[in-house]
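Please model the complete structure; the sequences and the hints are all you need to start from.
Line order of the protein sequences matches chains Z and C.
If you read the first sequence in our numbering, its first letter stands for residue 1, the second for the next number, and so on.
If you read the second sequence in our numbering, its first letter stands for residue 1001, the second for the next number, and so on.
Treat the hints as calculated values from the structure; they're not laboratory data.
Just so you know, not all the hints are guaranteed correct.
What the hints assert, rightly or not - Heads up, incomplete: computed chain Z residues facing chain C, CB under 10 Å, no partners named:
{"id": "1", "residue": "186"}
{"id": "2", "residue": "239"}
{"id": "3", "residue": "267"}
{"id": "4", "residue": "296"}
{"id": "5", "residue": "298"}
{"id": "6", "residue": "305"}
A virtual CB, placed ideally from N, CA and C, is assigned to each residue, including glycine.
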Amino acid sequence: MNENIGATPLVETQKLVKYFPVKGSQGQHVRAVDGISLAIAEGETLGLVGESGCGKTTLGRTMLRLYDPTSGSLFYRGEDITKVKMLAYRRKMQIIFQDPSASLDPRMTVGEIIGEPLDIHKLCSSKAEKRDRVSELLTIVGLNSEQANRYPHEFSGGQQQRIGIARALAVNPEFIVCDEPISALDVSIQSQIVNMLEDMQEDLKLTYLFISHDISVVRHISNRIGVMYLGKLVELATSNELNTNPMHPYTRNLLSAVPIPDPDKSRARSRELLQGDLPSPINPPSGCRFHTRCPLAKPECSQSEPEFTEHTPGHFAACHLI
Amino acid sequence: MSENRELLLSVKDLRVSFFTHAGEVKAVGGISYDLHRGEVMGIVGESGSGKSVEAYSIMGLLQSPGRVIGGSITLDGENVLDYNKEQLQKMRGNRISMIFQNPMTCLNPVYTVGNQIAEALTAHKNVSHADARAAVIEMLKLVGIPNPEKRMKQYPHELSGGMRQRVMIALALICEPDLLIADEPTTALDVTIQAQILELMKDVQKKTQMAIIFITHNLGVVADICDRVSVMYAGKIVETGSVADIFYRPRHPYTLGLLASMPRVDAQEYERLVPIEGTPVDMLNPPPGCAFAPRCEKCMNICIKADPPETDLGDGHIVNCWMEVPRDE
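This is the structure:
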């Protein structure tokens, strides 16, 4: 976990909304991200957790303007980037994808893949300089510089993910969205990548948005954690605070569902199990979106939407019952 | 937990190879274990460790170019490997059932779920249509599907992922098998749904007293549900023991490495993870000696020369590691 966090926000969203139209319907939308305001400080790792379909990946991609927001605004170092041309900002903001093999072009060599961002942003004046930079990047991510001439299929999943990371690092970014970067990897390889991301953050002064459904990993790597449910942020707090003192009933349920690799603890704990499945984000429930599955739901919960408010310093939650 | 129980399944020196164009891949390289009635055994390993292949050979579901090339699988005193097609069909879904990782690809999209569950029952048992229907409703209730009369008329695509996995379990349990093989049944599900399915499986196991082989890469899930655990690496069981042995007294460096490399939600404070360095074994060209040796911090000279023998540490805790082998002299 990084300790050097700046005071100013590096990336900030204000009431960010991203709807996707549903094909063949009359004006229906998937409300993937529905009004999220948050700020990520320089040097911080903000973790984002939630069930699949809660909008965490969409939020990450919209923050990079890989999707154009439906409404709301986006700031980078205080500058409004909601509508600007992104090319200059792509040098500062990068992404690491979940599936390493799908995110690498099978017909390009590793050297070409990592060199492409250098060409696009004209960062190298000569071929020799580019070659040196590519081998430097390969070394940073723990690969060999001789491997630059090989193709992605010649590498294992963990190594492919390292290539994806090297490509993201090529332009010297400040902010990286890590979208489930270790979910597709084997258990023994996951920790290698997590440690590497932590080292890179320290050496290269990076800021991360770390998206994962694996709460144990998010808790390990993040300074603060945001919990999403059906396109809304329901709770936001420091990593420790969220674990020791979760306020929102959804967060409590989510935490108690995480398996613990310790037979005695795992069998002794009482679980608050969540019933049912995630409702459709096309027609989210009225009021508090969680009320259909909430064990504590009261009549008011289905009528009015709870405000996302600060309950203790730095600990935000949206629930009528707190 | 299992000492006084009747032996159900006994696997002896099972070897499975895939004969590919690139050469022979020894997916399972000689594994042995006993499973008693009512016992829940976990098989943990990374992808490519042979854990699923091993389960497929029990079910007789191994496909070309895979072949069992040695060993025996004894179910209630009979060698399953000697079964012909008809005998295998009588066994599958009846005495042994299996549930898979992805319920969507395992359910038939053009039949209602009720139809599919009833089919499993009528294929093995002589029951009337009305009785089968009643049994299906009963089973859907058991696996926690609300409103079973309505749900049984629906098609798989109308159900959520968690519901489909419940249907898969109902389908597997309808003939009251002695053994359920669960191959990563919760891996494709969200943690909240995973917890529901695990609770359900524990519950059903208590009621029916069937044995379960639970294949997973998730040690947290194993800790929750299993009595005994086998850890596999590169087609071999490297350590086997009770869950307490594996989690509190692990001896094999790979087991130790797996436990140390996992971030834990119950950790008190931040601790840097200790990864297992190196990459998984290339099964086409496995290293000589112990397959884990190239990644092992405690690798000795002998480890790269010869395969380690089994060492029994007592109470069924068995380790395949040279460090545990007592020296003669």
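Query raised in the report: Holds or violated: residue 186/Z as interface residue toward chain C, Cβ cutoff 10 Å?
Result: Hint on residue 186/Z: holds, closest Cβ of chain C at ~4 Å, below 10 Å.
Query raised in the report: Does residue 296/Z pass the interface hint, meaning its C-beta sits closer than 10 Å to a C-beta of chain C?
Result: Nearest chain C Cβ about 16 Å off; hint violated.
Query raised in the report: Under the criterion of a CB-CB separation shorter than 10 Å, is residue 305/Z in contact with chain C as hinted?
Result: Where the cut-off is 10 Å and the nearest Cβ of chain C is about 22 Å from residue 305/Z, the hint is violated.
Requested in this report: Closer than 10 Å between Cβ atoms is the bar; does residue 267/Z clear it against chain C? Give me holds or violated.
Outcome: 7 Å, holds
Query raised in the report: With a cut-off of 10 Å, does the beta carbon of residue 239/Z approach a beta carbon of chain C closely enough for the hint to hold?
Result: 8 Å, holds
Query raised in the report: Are residue 298/Z and chain C close enough, Cβ to Cβ, to be under 10 Å, as the hint says?
Result: This hint is violated: residue 298/Z lies away from chain C, its Cβ roughly 22 Å from the closest one there, beyond 10 Å.
When held up to the earlier numbered hints, the structure conflicts with 4, 5 and 6 and fits the remainder.
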